[in-house]
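Those protein sequences? They're chains A and B, same order as listed. Quick note on numbering: the numbering used here labels position 167 of the first sequence as 167, and the sequence is numbered without any gaps. For any residue, its number in the numbering used here is found by taking its place in the second sequence, counting from 1, and adding 293.
Hints were generated in silico from the structure; no laboratory data involved. We treat Cβ as the ideally placed atom computed from N, Cα and C, and that holds for glycine. The reader is advised that the hints may include incorrect statements.
Derived pair list, reagent style SDA-like, types lysine to any residue, alpha-carbon separation capped at 20 Å [unchecked claim]:
1) K623/B <-> R310/B
2) K265/A <-> M545/B
3) K265/A <-> R280/A
4) K265/A <-> G437/B
5) K623/B <-> F612/B
6) K623/B <-> I324/B
7) K265/A <-> K623/B
8) K584/B <-> K265/A
9) K265/A <-> F440/B
Cβ-Cβ distance ranges computed for the label pairs, FRET-style [claimed, not checked]:
10) G266/A <-> R503/B: 35 to 45 Å
11) P448/B <-> A86/A: 30 to 40 Å
12) G266/A <-> R413/B: 22 to 32 Å
13) K584/B <-> V275/A: 43 to 53 Å
14) G83/A <-> A406/B: 15 to 25 Å
15) V97/A <-> L505/B: 17 to 27 Å
16) Q314/B <-> N123/A: 48 to 58 Å
17) I390/B <-> G83/A: 49 to 59 Å
Spelled out, the chains give:
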Amino acid sequence: MTGLSFADAIQLLLVGLSQGCLYSLIAIGLVLVYKATEQVNFAQGEFMMLGAFVGYQFIVLWGLPYWLGALLTLVFMGGFGYGVDALVVRRLTGQPVFTVFILTLALGIALRAVAGIVWGFGNYSLPAPVEGNLTLGSVIIGWSSVLAILVTAIVASGLYAFFRYARQGVAMQALSLNQLAAFYMGIPVKRLTSSIWAMSAIFGAIAGLLLGPVTLVSTQMGFVGFKAFAGAIVGGFGSIPGAVLGCLLIGVTEPFFDIMFPTFKGIGAYLIMFVVLLIRPEGLLAQIYAKKV
Amino acid sequence: MRVLFRKSYKQDIRLFRDRTQAFWYLLFLCIALAAPLFLDGYFLDELSFVYIYAIAGLGLMILTGFSGQVSFGQAAFVAIGAYAHTILLSRYGVPWILSLPLAALITGLVGLAIGRICGRMHGLYLAIATLSIAIVTERLIGGGGDFTGGHRGLPVPGIDIFGIAIDQSWKTYLLNLALFVGAILMTRNLLRTRSGRALIAIRDSEVSARSLGTNVAFYKAYAFFLSAVFAGLAGGLLAHAFYYITPETFGMGESIRLLLMIVVGGIGTIHGAIFGAFFIVLLPTVLSWVKVLLPGAIATSGGFDSLAFGMILLGFILFEPDGLYGRWVKIHHYFNVFPMYKRRSFQRQKTFLKTERLK
């Protein structure tokens, strides 16, 4: 690492941290759904993209005030997530995991196409929630990046408390262990599952609204979702602290990797995942202990 | 309805079930062989693509359909095969007839190495690991400098077998057909041998396969090897069909397309790979016919093709998870038992989630 001063390193670290936080927001959505239903949502990146596009519709095209537009986006995406489960995914309850993989992949393809038809295939700019930069000595970081870090911290700790203390959260944990038993205990399995999809779509939309100003809104932005997958797997899929940890690890190392190996830009995340999986095949915070027959 | 009596043990491992079946398949083969007589160049090229995709699909079917390892990275092996073949052919002057098997072997060895690593993973972990192999391979080839031609790509030389130039549509068609039929026979043969049955046992239950003495790690890696060999073969042929290869041709999207292809065809059957290849190659042609009938605004927007693709897939997963071949089996069964058809015969068992996670 030649010519990389201390201040540059700190700068990259902060950039990576805020990027990692955005990955974590997507990954939290993934893990929530997985935790509750053992279904893997490959369209989570597309949920994020859709969130960004809906925000673009409300804020830029209809000219609503930013925070109102953002709130409406979250409400819309919550309804969308609920609908996706209630209308489509619920039909596959109890089918092999692979079937749901394919279903959500197909859903992702369809959503990308719909977004392209409705809003076009170009790049669109979304305003940042807060403008300006924070200057600390020679290190400059955008307030929106600081916001991304803060939001992730709030969401992650909020979720932790929710699963620990709230009645609904405990019900969701029961649901994730054994659907049939949870149903016999009087837990409204269908409604709860759909609510979890709604929550996961909302977190996707938050990530989309925060990522939109950085990378521009386009139909291709959903591919970031695969990095969130890599991060969640590094942490051990199914654990929320693990997902945040893994995504931060990937987010922080990525800019350094890109600077060291400019020709192989963008594969750092996957290489890290491979190394982690080689050492610990179930991720850092393992969730699967023994395979039952 | 035909009743099949079991008269010898050989019956279970025969290539065809009975004479009728043999007759139909040989008839199809004859029609395929005679196709250059009545089809023009465009359709012959399309059919060549079908055969090549079917070879790659058979490879993926061995891995995902028979040994149960979901792979999102088949296009990476196709890419390795295509590049190995092109580089051997144009840079080292290896004759075509040697270069193609060599490329397939190189791809197979890469697959073996990857299978050895990935054999320990299951389900989602395996899917994402193979997906990242697809992404990493694309980037590595792109960043490979002069050796791989980087993002500019490589031109592919023509086919030349013992001095006979394969330069016309019908010649490449017959070549692809021959390799395609060979690939089907190989897969069929695999399924009636000990190793094929081991793969299926692993798919159905890894724990019971292990307790019956199957070497799970070996057979998982073996499935990766075979799958990569098929993919490498398809890659070499695909390179010739494209005339010019770039890393982007074999990206992540292509991997997912290959996987979706075998799902639409019908997972876990040889027919499925072939039906899926027909579906994926002929879909753009069919859609271009459909588009003429639609209002201009929908037809001209760029997303129409992928929207149709996504919606067709959603429809298959929700209403016909066994794919095109599953539908064919049902129709066949309907006429076989004519007035007695019961929808229940094909109903899938409903199960409820019980997690493997303990907290």
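Measure nothing beyond the straight line between the CA atoms of K623/B and R310/B; if it is 20 Å or shorter, mark the hint as holding.
holds, 18 Å
Does the structure keep K265/A and R280/A at a Cα separation of 20 Å or less?
Distance of about 25 Å is beyond 20 Å: violated.
K584/B and K265/A were given as a pair; does the straight-line alpha-carbon distance stay at or below 20 Å?
violated, 39 Å
Please work out if K623/B and I324/B have their alpha carbons no farther apart than 20 Å.
violated, 25 Å
N123/A and Q314/B - C-beta distance against the hinted 48 to 58 Å
holds, 55 Å
Could you see if the CB distance from G266/A to R413/B stays within 22 to 32 Å?
holds, 26 Å
Regarding the pair K265/A and G437/B, is the alpha-carbon distance no greater than 20 Å?
holds, 13 Å
Holds or violated: K623/B with F612/B, Cα cutoff 20 Å?
holds, 13 Å
So the hint says 43 to 53 Å: do the beta-carbon atoms of K584/B and V275/A match that?
Holds, at about 47 Å.
Check whether the Cα positions of K265/A and F440/B lie no farther apart than 20 Å.
It holds: about 19 Å lies between the C-alpha atoms, which stays within 20 Å.
Outcome for the supplied range 35 to 45 Å, where the beta carbon pair is G266/A and R503/B
38 Å Cβ-Cβ, so the 35 to 45 Å window holds.
I want to verify a distance hint. Is the separation of the beta carbons of G83/A and A406/B within 15 to 25 Å?
At roughly 44 Å between Cβ atoms, A406/B and G83/A fall outside 15 to 25 Å, so the hint is violated.
In summary, the numbered hints that this structure violates are 3, 6, 7, 8, 11, 14.
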